[in-house]
Amino acid sequence: MTQSAGSIRFILNDRDITVTSVSPTATLLDFLRLEHRLTGTKEGCAEGDCGACTVLVGRLANGELVYESVNACIRFTGSLNATHVVTVEHLAAKDGTLHPIQQAMVDYHGSQCGFCTPGFVMSLYGLWLSKDNPGRADIEKTLQGNLCRCTGYEPIVKAAEAVASARPDALFDPIVKMRKEIIAKLAAMRSPDTIRLSDGDASLIVPGTAAALADLLADHPTATVVAGSTDVGLWVTKQMRNLNPVIFINGLEELQSIHETGDGITIGAGVSYSAAFDQISARYPAFGRLLDRLGGEQVRNMGTIGGNVANGSPIGDTPPPLIALGASVTLRSKSGPRTVPLEDYFIEYGRQERKPGEFVESIFVPNLPDDDHFAVYKISKRRDEDISALCGAFRIALDGSNQVTMVRIAFGGMAGTPKRAANVEAALMGKPWSEETIKAAQAAFEADYKPLTDWRATAAYRMLAAKNLLLRFFLETSGEKAELVRFEVTA
Amino acid sequence: MDKSTFEERKTITGPMHSALRHDSAHKHVSGTADYIDDIPEPAGTLHGALGMTDRAHAEILSMDLSEVEACPGVVCVLTASDMPHSNDISPSHLDDEPVLADGLVQFHGQPAFAVIAETRDIARRAARKAKIVYRDLPHRTDILDALENGAEVVTKPLTLARGDAEAELELAPHRLTGRMRIGGQEHFYLESHIAMAIPGEDDEITVWSSTQHPSEIQHMVSHVLGVPSNAVTVQVRRMGGGFGGKETQGNQFAALAAVAAKKLNRAVKFRPDRDEDMTATGKRHDFLVDYDVGFDDEGRIHAVKANYAARCGYSSDLSGPVTDRALFHADSSYFYPHVKLTSQPLKTHTVSNTAYRGFGGPQGMVGGERIIEEIAYALGKDPLEIRKLNFYGEKGSGRDLTPYHQQVEDNIIHRIVSELEASADYQVRRKAIIAFNKTSRVIRKGIALTPVKFGISFTMTAFNQAGALVHVYQDGSIHLNHGGTEMGQGLYTKVAQVLADSFQVDITNVKITATTTGKVPNTSATAASSGSDLNGMAAYDAARQIKERLVDFAAERWQTERENISFVPNHVKIGDELVPFPAFIKQAYFARVQLSAAGFYKTPKIHWDRNTGRGTPFYYFAYGAAVSEVSIDTLTGEYMIDRVDVLHDVGKSLNPAIDIGQVEGAFVQGMGWLTTEELWWDDKGRLRTHAPSTYKIPLASDRPKIFNVKLAEWAENAEMTIGRSKAVGEPPFMLPISVLEALSMAVASVADYRECPRLDAPATPERVLMAVERLRTEKA
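Those protein sequences? They're chains A and B, same order as listed. Under the numbering used here, the first residue of the first sequence carries the number 319, and numbering increases by one thereafter. Under the numbering used here, the first residue of the second sequence carries the number 28, and numbering increases by one thereafter.
One or more hints might be untrue.
Here are the simulated SDA-like cross-link-like pairs (lysine to any residue), alpha carbons at most 20 Å apart as the crow flies [to be verified]: (1) Lys732/B to Glu806/A; (2) Lys732/B to Arg607/A; (3) Lys629/B to Arg619/B; (4) Lys495/A to Leu378/A; (5) Lys732/B to Arg611/A; (6) Lys556/A to Asp81/B; (7) Lys799/A to Thr466/B; (8) Lys799/A to Phe463/B; (9) Lys737/B to Arg751/B; (10) Lys757/A to Phe463/B; (11) Lys556/A to Lys156/B; (12) Lys449/A to Arg607/A; (13) Lys556/A to Thr716/B; (14) Lys732/B to Arg803/B; (15) Lys183/B to Lys465/B; (16) Lys156/B to Lys476/A; (17) Lys737/B to Asp425/A; (18) Lys538/B to Lys156/B; (19) Lys757/A to Ser45/B; (20) Lys465/B to Glu479/A; (21) Lys732/B to Asp610/A; (22) Lys37/B to Asn591/B; (23) Lys556/A to Ile149/B; (24) Lys476/A to Leu738/B; (25) Lys732/B to Glu479/A; (26) Lys556/A to Ser720/B; (27) Lys785/A to Arg637/B.
Far from chain A, by Cβ distances over 10 Å, these chain B residues were calculated [to be verified]: (28) Leu428; (29) Asp579; (30) Asp729; (31) Arg730.
Partial list, computed: chain A residues near chain B (C-beta under 8 Å) [unchecked claim]: (32) Ser429; (33) Gly582; (34) Thr584.
Hint data in this document are derived by calculation from the structure and do not stem from the laboratory. Every residue gets a Cβ at the ideal spot worked out from N, C-alpha and C, and that includes glycine.
Build out the structure end to end from the sequences listed, making use of the hints.
If you want it as structure tokens, here you go:
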């Protein structure tokens with residue numbers, strides 16, 4: 319039986335905050351700007367794409383204090399229990415001495431209009447705290463979620479490189495100085511009990527355990543479950559939807575683990591893209607490279623693979639590789655868990671296998687046999703931090719005589735759901751892995767998909783590119799360079 | 028270690044030509060630079076939101092706003108009839124731009140009412156509750172549709188002609204025609220539009236507006252309210268980016284905030300959401316260029332005829348001067364012996380397009396460079412060879428007259444291009460790329476060197492004036508105000524340098540103050556790259572006046588000749604005596620010397636007669652060139668910018684750090700325009716790329732992987748500009764035409780460079796792939 323606790327408690331820079339009444343859809347950005355007049359954090363887009371509102375949120379993960387950049391515009395205040403929110407105002411010393419990151423930005427002329435600058439400073443600060451001597455590829459990856467319209471980025475990257483080798487130092491770093499104290503405070507703020515807050519008729523619930531979440535969903539089958547809020551945030555800021563009640567699961571550590579079993583890995587639904595990156599990259603390198611291009615750093619820190627699956631978008635980036643890898647999803651409700659193959663989870667546009675009262679608990683990804691060829695290709699107008707026009711995942715196994723013995727191909731952006739290319743697979747299965755086979759199989763895409771024309775691409779382009787990606791896959795398995803890479807070795 | 032004392036210091040900090048950091052840099056990085064939304068709100072401030080329509084072209088039959096008004100927290104709802112004096116804010120004075128749609132909707136999203144509420148959230152939510160009944164009318168959003176179906180023009184077209192283009196096209200050994208589509212561009216300033224109006228006594232009102240043109244905001248607010256200009260004060264300390272998007276487009280928000288503030292006697296703030304901003308405010312014009320060129324075997328141009336049709340949107344706004352400037356730059360850097368250029372500013376049912384960095388010039392120049400590319404592919408030559416053959420000649424060469432009959436007197440393009448060609452190792456790299464393409468099946472490379480020649484001055488001669496107000500206080504500290512606005516370009520810093528240099532005091536003694544119509548009146552927009560040219564000279568003039576008085580005073584007090592008096596670092600030197608500047612000023616004050624002056628400047632030499640298409644619209648030209656190298660993936664059309672080398676002319680730079688920043692920033696912004704930034708309207712006429720999730724400006728990882736930017740250090744303005752510097756805001760925006768052309772070369776490789784790929788802009792991966800397919804199909 320869960321008890322109710324009536325407050326969200328967190329630390330804002332150097333102040334303890336207790337919130338006893340808040341709308342479930344109130345954002346951290348408004349909290350900072352309107353309630354605390356911390357106006358250094360800016361609103362540029364209110365959809366998590368420009369990074370002007372970047373702040374760091376520190377949390378305890380397995381006892382460690384980790385700080386991650388997030389977009390305050392789509393982060394809900396109700397999701398902040400037991401965190402440390404750090405804004406740009408916290409960086410400079412009390413006497414006005416700038417933090418080394420800030421000073422480098424000044425010295426290298428990294429600001430022009432200055433509106434995006436606090437967000438850049440915070441993103442770079444997040445990188446600086448977490449990585450020794452980051453290189454150019456790390457810096458660019460960190461800045462994928464920060465738009466600057468004035469500088470052309472060159473001086474910002476130079477500033478980041480200039481401070482890369484300096485290490486966080488308690489003398490001038492506000493976080494390093496306070497680390498022990500913060501850890502103790504955050505530990506004390508954690509609540510194993512369910513927190514319930516309301517603002518008028520609207521309420522938010524923060525369960526302390528997965529079992530409590532299952533119970534809550536049984537009682538509130540229409541509740542909106544929010545993990546990273548990188549999608550739901552926009553329902554609020556752009557569509558101005560009223561959500562009630564909202565259940566925040568981002569604090570549920572039970573959902574945030576990755577278990578290795580002999581035959582694969584089980585990724586908890588609450589694992590963020592960032593948290594999953596190392597293990598996914600190690601096991602499925604092509605999938606890891608895709609994650610490098612999914613959203614910006616802030617979105618990867620907030621968003622979860624579970625959420626990417628749960629929302630059923632036809633253009634989510636992770637379903638195509640997960641389907642090609644043969645992943646399955648475990649849904650849980652008060653009456654227990656059940657597991658379905660991921661490809662069966664997506665029924666049609668806007669409809670998934672998840673029933674009222676169920677939540678996505680985890681995703682199981684089988685091991686990739688050493689001899690299998692596996693690739694993921696994302697095509698978008700802009701290389702990074704863009705939504706796919708199409709995203710294709712290819713996997714084949716060949717026998718000793720170069721015949722295709724297993725094939726799984728899945729695409730996003732080509733249909734109302736992420737979908738396997740059954741006809742293409744059939745055209746390849748059992749055939750010799752040759753360019754002739756590929757040419758013949760390309761036509762089968764027309765039977766598998768009827769893509770749409772929209773602002774991301776025309777139907778004709780989607781179809782042509784999908785066909786060509788099969789050829790790219792073939793060429794790459796044959797050792798030919800057929801894809802552009804900005805940095806040969808990624809982080 | 029420097030042991031010199033303050034008194035002995037030989038130089039000041041922050042003179043002209045020094046690489047000073049931006050005056051607000053330390054505030055930018057610490058979050059303490061206040062933008063308008065950061066200024067503490069007066070007690071009781073209300074918030075406005077636009078009520079937007081959802082038809083591209085329709086008659087409003089009825090508008091039921093009762094549910095809007097009934098929302099708790101809504102204070103009032105404004106419609107067109109609530110505008111006290113006028114519902115018009117047309118910058119062109121053609122009376123074609125309503126504050127709020129009055130019975131007729133002319134673009135999808137056009138505001139028809141405004142909600143004023145206790146909070147911004149309440150106002151935005153309430154604005155969606157209107158019940159509007161429409162009668163749909165046929166709409167036209169696409170430029171080709173407009174061109175082919177006889178759309179009306181929003182303003183009078185322009186013709187530039189010299190010689191006999193028609194006859195010479197017939198006579199030329201080769202002739203070819205083509206068509207190019209050039210997309211528009213969203214400004215994507217990081218700070219959206221915003222205005223906060225604070226009512227005052229009687230008819231007075233103060234408006235804080237994120238605007239490049241405070242005087243125009245003042246005029247529009249006074250016009251809509253029906254009060255004289257002297258009742259309206261408009262202020263702005265800084266914008267979070269402008270790029271032309273805040274030249275006229277802030278009028279609507281300022282006018283609505285002012286009307287509500289006066290009506291309710293409370294401060295009112297309007298801050299549209301990003302989507303609302305992108306939907307309701309204008310963008311760069313997209314163009315359809317039809318060209319016809321005659322040339323000889325060598326590639327020398329004999330005659331050019333071209334029509335530049337532009338999607339202007341539903342009203343004229345600045346489309347007249349924008350399409351004019353497109354024609355002024357259709358020659359790029361090339362002499363057209365016979366030429367006829369025409370503009371077609373077409374009306375469409377889209378948001379009214381407006382100023383954007385380059386102001387039509389970039390579109391003009393892209394068309395001109397396409398013509399060069401066509402000739403090169405037709406003759407099987409390197410486009411650079413064709414460029415050099417057609418560059419304007421030296422003054423007096425007989426090849427120095429523009430299509431608008433201005434003589435090019437300051438031509439340095441030959442030197443710029445030859446230096447860059449050598450420093451970027453263009454010839455060797457081009458050969459290597461051609462060799463690479465022979466053996467690489469999927470990945471292909473391209474390289475291109477393109478020049479820039481950009482005319483500096485407002486083509487509306489009257490706008491080429493500026494004022495500054497300078498006070499020297501008794502302690503020697505200096506207060507600087509001028510008519511220019513700061514949007515990140517470093518104008519405030521540069522003008523402060525001018526003042527520090529003039530008085531020979533450290534720049535820390537100069538306080539830069541917010542632009543306000545109350546201090547410097549009748550200002551021009553901070554636009555056309557003119558900010559430092561105009562305001563720098565006006566500040567210089569104000570300093571000159573004060574210094575004259577100070578010299579008079581010193582000559583009398585010290586009983587010496589004026590020639591014996593000079594301003595040296597932080598001192599005034601009178602004969603052999605060095606008087607610290609503050610002490611000297613104190614004495615001047617007690618001697619009742621006026622220590623304040625209003626400076627003024629107007630650009631000399633320029634004149635322009637639009638009716639005859641003749642004149643000298645530009646005071647001078649700014650030059651530059653870039654070499655870009657790219658790689659494309661011929662299976663998907665994806666690409667990367669591998670290396671860019673730039674040599675750019677800013678005359679004698681007022682501030683090399685700021686100028687390099689302008690060049691780099693302009694390059695990446697221009698590259699975005701020509702590559703990934705695509706505006707897309709659906710069949711309902713609704714803009715679907717209205718936020719950064721759908722409209723893709725470049726990221727750090729899109730900038731050139733190797734990016735070498737140099738200023739031509741030997742350059743000096745031939746005209747008497749401030750410190751012999753040149754304008755820098757717009758010219759480098761056109762350097763990335765080299766990226767478009769390099770992509771084009773990579774595409775052309777699939778057909779052995781025998782055919783011009785006619786790659787339209789923006790060259791998205793889709794356009795690149797489709798061009799590859801077209802060439803492959805035609806080759807087969």
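Structure-based check of all given hints:
A C-alpha spacing of about 13 Å is found between Lys732/B and Glu806/A, which places the hinted pair at or below 20 Å, so the restraint holds. A hinted pair counts as satisfied when its Cα atoms are at most 20 Å apart, and Lys732/B with Arg607/A qualifies at roughly 19 Å. Note on Lys629/B and Arg619/B: the hinted pairing is violated, with a Cα-Cα distance of about 30 Å set against a maximum of 20 Å. Annotation: proposed proximity of Lys495/A to Leu378/A holds, straight-line Cα distance about 17 Å (limit 20 Å).
In summary, the hint linking Lys732/B to Arg611/A is supported, as the alpha carbons are separated by about 17 Å, within the 20 Å threshold. Taking the CA atoms of Lys556/A and Asp81/B, the gap is about 16 Å. The hint holds against a cut of 20 Å. Taking the CA atoms of Lys799/A and Thr466/B, the gap is near 12 Å; set against the 20 Å cutoff, the hint holds. Among the hinted pairs, Lys799/A with Phe463/B is consistent with the structure: their alpha-carbon atoms are about 13 Å apart, no more than 20 Å.
As the CA atoms of Lys737/B and Arg751/B are separated by approximately 18 Å, the hinted pair is consistent with the 20 Å bound. At roughly 26 Å between alpha-carbon atoms, Lys757/A and Phe463/B are farther apart than 20 Å, so this suggested pair is violated. As the CA atoms of Lys556/A and Lys156/B are separated by approximately 15 Å, the hinted pair is consistent with the 20 Å bound. The suggested pairing of Lys449/A with Arg607/A holds, with an alpha-carbon distance near 19 Å, which does not exceed 20 Å.
The hinted pair formed by Lys556/A and Thr716/B meets the criterion: a straight-line CA distance of about 14 Å does not exceed 20 Å. Straight-line distance between C-alpha atoms of Lys732/B and Arg803/B comes to about 29 Å, which puts the hinted pair past the 20 Å bound. The hinted pair formed by Lys183/B and Lys465/B fails the criterion: a straight-line CA distance of about 50 Å is larger than 20 Å. For the hint pairing Lys156/B with Lys476/A, the CA-to-CA distance comes to about 49 Å; that exceeds 20 Å, so the pair is violated.
A distance of roughly 19 Å separates the Cα atoms of Lys737/B and Asp425/A; the hinted pair therefore holds under the 20 Å criterion. At roughly 48 Å between alpha-carbon atoms, Lys538/B and Lys156/B are farther apart than 20 Å, so this suggested pair is violated. At roughly 62 Å between alpha-carbon atoms, Lys757/A and Ser45/B are farther apart than 20 Å, so this suggested pair is violated. In summary, the hint linking Lys465/B to Glu479/A is not supported, as the alpha carbons are separated by about 37 Å, beyond the 20 Å threshold.
As the CA atoms of Lys732/B and Asp610/A are separated by approximately 18 Å, the hinted pair is consistent with the 20 Å bound. A distance of roughly 19 Å separates the Cα atoms of Lys37/B and Asn591/B; the hinted pair therefore holds under the 20 Å criterion. Taken as a hint, the Lys556/A and Ile149/B pair is honoured in the structure, with Cα atoms around 14 Å apart against an allowance of 20 Å. Annotation: proposed proximity of Lys476/A to Leu738/B holds, straight-line Cα distance about 19 Å (limit 20 Å).
Note on Lys732/B and Glu479/A: the hinted pairing holds, with a Cα-Cα distance of about 15 Å set against a maximum of 20 Å. For a cut-off of 20 Å, the pair hint linking Lys556/A to Ser720/B stands: about 12 Å separates their Cα positions. A hinted pair counts as satisfied when its Cα atoms are at most 20 Å apart, and Lys785/A with Arg637/B does not qualify at roughly 54 Å. A cut-off of 10 Å between C-beta atoms confirms that Leu428/B is not in contact with chain A; the least separation is 35 Å.
Every CB of chain A is more than 10 Å from the CB of Asp579/B (nearest about 41 Å), matching its label as outside the interface. In this structure Asp729/B is not separated from chain A by more than 10 Å, as the shortest Cβ-Cβ distance comes to only about 7 Å. Against chain A, the non-interface label of Arg730/B is violated: not every CB pair exceeds 10 Å, the least being about 5 Å. About 4 Å separates the beta-carbon of Ser429/A from the nearest beta-carbon of chain B, less than 8 Å, and the hint is met.
Interface restraint check: Gly582/A against chain B, minimum CB-CB distance 31 Å, threshold 8 Å, status violated. With 8 Å as the threshold, the beta carbon of Thr584/A stays out of range of chain B, its nearest partner Cβ sitting at about 31 Å, so the hint is violated.
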